[in-house]
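*Asks:* My request is simple: use the sequences and hints to build the entire structure.
As you go down the protein sequences, you meet chains A and B in turn.
Note that the numbering used here has the first sequence beginning at 1, numbered continuously upward.
Note that the numbering used here has the second sequence beginning at 1, numbered continuously upward.
Please note that a few of the clues may not be correct.
As the list claims (entries may be wrong) - Below, simulated DSS-like cross-link-like pairs (lysine-lysine); rule was C-alpha separation at most 30 Å, straight line:
hint : chain 1 : residue 1 : chain 2 : residue 2
1    : A       : K41       : A       : K117
2    : B       : K110      : A       : K49
3    : B       : K110      : A       : K117
4    : A       : K213      : A       : K343
5    : A       : K206      : B       : K112
6    : A       : K345      : A       : K206
7    : A       : K49       : A       : K117
8    : A       : K49       : A       : K343
9    : A       : K49       : A       : K205
10   : A       : K117      : B       : K324
11   : A       : K49       : B       : K112
12   : A       : K206      : A       : K343
13   : B       : K324      : A       : K49
14   : A       : K345      : A       : K213
15   : B       : K110      : A       : K213
16   : A       : K205      : B       : K110
17   : A       : K213      : A       : K41
18   : A       : K117      : A       : K213
19   : A       : K205      : B       : K112
20   : B       : K112      : A       : K117
21   : B       : K110      : A       : K206
What the hints assert, rightly or not - Selected chain A positions facing chain B (Cβ under 7 Å, derived; list incomplete):
hint : residue
22   : V67
23   : I71
24   : F74
25   : G77
26   : L78
27   : G92
28   : F95
29   : W96
30   : F103
31   : K117
32   : R118
33   : R397
Note that these hints are calculated values from the structure, not bench results.
By construction, the Cβ of each residue, glycine as well, lies at the ideal position given by its N, Cα and C atoms.
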Amino acid sequence: MDHLLAARALMGISLGFHIIYVAFGIGFPLLLLISECLALKTENEVYHKLARSWTRTMTVLFAIGAVSGTILSFELGLLWPVFMGFGGPMIGLPFWLEGFAFFIEAIFLALYVYGEKRLSRRALVLTTIPIAISSVASAVFVISANGWMNTPAGFDLLNGNPFNVRPWQAMANESWLSEAIHGTLATCVASSFAIAGIYAYHLLKKRLTAENKLGLSLALAVGGILVPLMLVSGDLAATRAARNQPAKLAAMEAVPETTMGAPLVIGGWLDQRTNQLRYGILIPKALSLLAFHDPNATVLGLNAFPPGLRPNPNIVHPFFDLMIMSFFIMLASAGLFWIARWKRKEVFTNRPLLIAILISSPFGLLAQEFGWFVTEFGRQPWITRGAMLVAQGVTPRPIGWVLIIFVIVYIALTVGLLRLLYTPSTIKSGIPEREENYR
Amino acid sequence: MSMLENLCALLVLIGMIMYAAFAGADFGGGLWTALASGPRAHKQREGLFHAIGPVWETNHVWLIFVVVVLFSCFPRGFEVLCIAMLVPLVFALVGINFRGAAFIFRHSGKYKRAELPVIEAIFSISSILTPFFLGMAVSYTGAGHIRIVNGQVQGGLWSAWVTPFTVVGGLIGLAICAYITPFYMTMRTDGGLREDFRKHALTGAVVLGILTSMEIPIAMLNAPLFFERLVRPFTLLFVGLAVICGINTLILLWRKVYRMAQLLADVTIASTITGFAAALYPDMFLGQLTYAGAAAPASTLIAVMITLPIGAALLVPSLYFLYKTFGGNPNPELPLTKCDRDTKCDRA
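*Replies:* As structure tokens, then:
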């Protein structure tokens with residue numbers, strides 16, 4: 001296997017695997033914080049029980065997120081050493097700050113999960129605050145590095161080498177704000193809907209406990225509030241991309257040629273031989289309107305970029321459409337749930353509604369993957385847009401064997417995890433023993 | 001070499017010492033799980049397992065800390081490191097993942113009785129292989145066998161990093177973990193179990209002493225440049241400190257002065273690693289690349305250094321709170337007793 005392709009495949013698989021755990025690593029702490037605060041405010045112990053019922057799943061997901069994240073932090077160098085040698089001084093700062101956030105998250109999560117017998121109730125509740133803040137901060141910092149790859153800033157280029165490096169400017173690159181908002185919200189939406197799906201499943205199985213009802217409501221409250229915000233943050237991200245990453249926009253919307261008053265394309269396939277769009281649905285002038293807030297604005301087409309430097313619209317555009325579709329599916333299921341509750345209809349025994357929620361539940365995680373595909377494939381063939389090609393950043397070492405080894409690791413982790421989550425607990429944590437020898 | 005570069009190199013060293021002293025103890029837990037013996041073997045395993053539970057993820061972050069400081073502050077060095085050490089680092093990463101997965105599996109309690117030995121075997125084997133390969137990778141930086149010609153790393157994928165010097169280096173990495181763990185456990189157990197861990201600690205200390213002593217004649221033959229650098233007065237200062245502290249931990253253990261022994265064990269680890277780094281200094285890769293040559297522009301180093309106090313102000317008290325909460329009896333399901341809070345309390 002071509003080692004560039006192997007390196008790209010491995011990086012893609014590793015990140016695709018990792019961001020699922022990231023979603024729960026950010027989403028669960030938010031639910032935890034809300035739940036524990038509600039428990040304090042309403043003095044209703046069900047909220048506290050609900051929060052504690054998540055701890056085991058949360059620890060497992062966090063642990064896999066941590067170890068798979070370690071693979072990633074090494075892969076940055078093992079697969080892309082030349083890129084890291086080049087970009088390290090610019091993207092190092094956000095990663096450095098993220099390291100502290102990761103520390104804080106690990107520490108307080110351990111205190112929350114394991115500390116029930118050793119901390120006061122108040123202290124236990126208070127630990128959820130740093131967990132929630134640091135998990136969001138981690139994401140926001142890491143996304144800055146991705147933003148920098150999309151819209152590099154904070155350095156000047158001389159013969160391909162960076163000089164006059166300004167790390168703070170690099171961190172505050174043009175894509176950071178919009179990507180960070182969109183990406184972080186996406187993780188919360190993804191995990192909320194996935195969790196809602198679990199509760200919907202339990203309710204469908206007629207396990208009508210207070211915890212399951214509350215779990216579903218809480219997950220869909222968070223998901224329902226945040227889903228519409230995805231549209232707002234997505235608009236911000238897309239209009240920014242239109243300005244500072246025109247090639248990505250052209251690929252996202254499969255625009256073959258520079259057009260004034262460009263139409264929005266839904267579906268379809270760009271025949272790259274004839275430069276013709278096939279089977280797509282066109283909404284006149286809508287792309288110009290959405291991307292530039294002006295129906296007659298000019299949208300650069302793929303032909304505005306040299307042939308070797310264009311992203312592939314037949315990858316980027318379908319994933320973009322799938323992401324939007326996922327959004328509407330989630331919007332619909334959360335909308336149906338809350339309309340039913342608003343009309344005071346019984347929701348927890350409403351089978352069609354619960355099935356709809358169950359069906360919509362993986363789409364948050366899927367949308368997160370699709371969105372990430374859009375931003376990554378949309379940047380190709382650059383690893384740092386305009387400054388370094390992916391092919392220039394790759395390691396000189398053969399990578400195929402590493403790909404095989406890590407794929408085996410990911411399969412083993414996934415199989416183990418699924419078994420763990422789907423088997424009911426038979427033995428309590430550890431093996432109960434008399435404890436006198438510890439004392 | 002500028003002040004800034006020195007400070008950032010110091011950060012790498014601190015991260016490595018913290019990783020060895022804390023995460024090393026977790027790896028050592030895996031090793032001693034495999035080597036648990038005697039009538040209390042089961043209790044030894046349970047104690048180790050409980051002790052690792054709440055802290056291993058936090059301890060693991062020190063590795064990320066080291067990686068991040070390396071690529072932020074010494075990007076050129078990180079580039080060389082990742083090309084030269086692809087194989088041992090991949091093996092270590094596989095170990096890290098299987099170790100973590102086996103641990104959470106064990107902790108979840110969702111397994112059949114017959115599966116427990118398999119889970120413990122995966123946990124132990126990966127806990128042994130990870131520090132071994134990390135130890136090999138670290139000692140490879142000091143072997144003087146990495147060649148950089150015109151900015152390109154030379155040498156084969158498999159052969160260059162496997163030498164007597166790095167193999168013993170890997171064993172030292174493992175021995176550091178084996179050495180440190182039982183010291184912590186003697187502080188947290190009582191009676192026969194404490195006696196077990198005391199014996200483990202004595203064994204670990206002797207093994208670490210033998211291996212580090214062995215590395216010196218091996219360096220003379222296999223890594224002569226390292227030996228040359230090792231016998232500089234500046235380096236010998238740390239080597240001497242490691243030897244004195246190491247021997248004193250043995251004496252203190254013998255006399256059952258546990259707290260002091262544990263503190264000195266930490267100093268032994270710290271001075272051993274510092275001794276190694278001092279032998280290389282000012283090189284990052286012995287004879288090939290200095291820290292100054294590998295460093296990022298000053299602006300990046302300054303940004304790291306001015307944010308360090310903010311990060312440390314958040315991190316240090318949090319770490320203290322974590323270890324204080326989960327100190328004492330290793331089982332977090334049991335509340336802390338008066339004895340756990342009072343260090344003068346006599347457990348026996």
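*Asks:* Hints first: check each against the structure and report whether it holds.
*Replies:* Evaluated hints:
For the proposed pair A/K41 and A/K117, the alpha carbon gap of about 22 Å is at most 30 Å, so the pair holds. Distance hint between B/K110 and A/K49 is fulfilled; the C-alpha atoms sit about 21 Å from each other, no more than 30 Å. Of the supplied pair hints, the one linking B/K110 and A/K117 holds, its CA atoms being roughly 22 Å apart against a limit of 30 Å. For the given pair, A/K213 sits about 17 Å from A/K343 by alpha-carbon distance, which is consistent with the 30 Å threshold.
The straight-line distance between the Cα atoms of A/K206 and B/K112 is roughly 28 Å, inside the 30 Å bound, and the hint therefore holds. Note on A/K345 and A/K206: the hinted pairing holds, with a Cα-Cα distance of about 18 Å set against a maximum of 30 Å. Between A/K49 and A/K117, the direct Cα distance comes to roughly 15 Å. Compliance with the 30 Å bound is thereby established for this hinted pair. A C-alpha spacing of about 29 Å is found between A/K49 and A/K343, which places the hinted pair at or below 30 Å, so the restraint holds.
Taken as a hint, the A/K49 and A/K205 pair is honoured in the structure, with Cα atoms around 21 Å apart against an allowance of 30 Å. Straight-line distance between C-alpha atoms of A/K117 and B/K324 comes to about 14 Å, which keeps the hinted pair within the 30 Å bound. In summary, the hint linking A/K49 to B/K112 is supported, as the alpha carbons are separated by about 27 Å, within the 30 Å threshold. Proximity of A/K206 to A/K343 is assessed by CA-CA distance (about 23 Å); at most 30 Å being required, the pair is judged to hold.
The straight-line distance between the Cα atoms of B/K324 and A/K49 is roughly 26 Å, inside the 30 Å bound, and the hint therefore holds. The suggested pairing of A/K345 with A/K213 holds, with an alpha-carbon distance near 14 Å, which does not exceed 30 Å. A hinted pair counts as satisfied when its Cα atoms are at most 30 Å apart, and B/K110 with A/K213 qualifies at roughly 26 Å. The suggested pairing of A/K205 with B/K110 holds, with an alpha-carbon distance near 22 Å, which does not exceed 30 Å.
At roughly 19 Å between alpha-carbon atoms, A/K213 and A/K41 fall within 30 Å of each other, so this suggested pair holds. With a C-alpha separation of about 28 Å, the suggested pairing of A/K117 with A/K213 holds against the 30 Å cut-off. Between A/K205 and B/K112 the alpha-carbon distance is near 26 Å, which keeps this suggested pair within the 30 Å criterion. At most 30 Å may separate the alpha-carbon atoms for a hinted pair to count; B/K112 and A/K117 meet this at roughly 27 Å.
The hinted pair formed by B/K110 and A/K206 meets the criterion: a straight-line CA distance of about 24 Å does not exceed 30 Å. Given the 7 Å rule on beta carbons, the hint for A/V67 holds: about 4 Å separates it from the nearest Cβ of chain B. Nearest Cβ of chain B to the Cβ of A/I71: about 5 Å, under the 7 Å cut. The hint holds. Because the closest C-beta pair between A/F74 and chain B is about 6 Å apart, less than 7 Å, the hint holds.
The beta carbon of A/G77 is positioned within 7 Å of a beta carbon in chain B (closest approach about 3 Å), and the interface hint is therefore held. Here the hint on A/L78 is kept, as its CB sits about 5 Å from the closest CB of chain B, short of 7 Å. A least Cβ separation of about 2 Å between A/G92 and chain B falls short of the 7 Å threshold, and the interface hint therefore holds. Taken as an interface hint, A/F95 checks out: its beta carbon lies about 5 Å from the nearest beta carbon of chain B, inside 7 Å.
At its closest, the beta carbon of A/W96 sits 5 Å from a beta carbon of chain B; the interface hint therefore holds under the 7 Å criterion. Here the hint on A/F103 is kept, as its CB sits about 5 Å from the closest CB of chain B, short of 7 Å. Checking A/K117 against chain B: minimum C-beta separation of about 5 Å stays under 7 Å; hint holds. The restraint placing A/R118 at the interface with chain B holds, with a minimum CB-CB distance near 5 Å, inside the 7 Å limit.
Below 7 Å, beta-carbon pairs count as interface contacts, and A/R397 has one with chain B at about 5 Å; its hint therefore holds.
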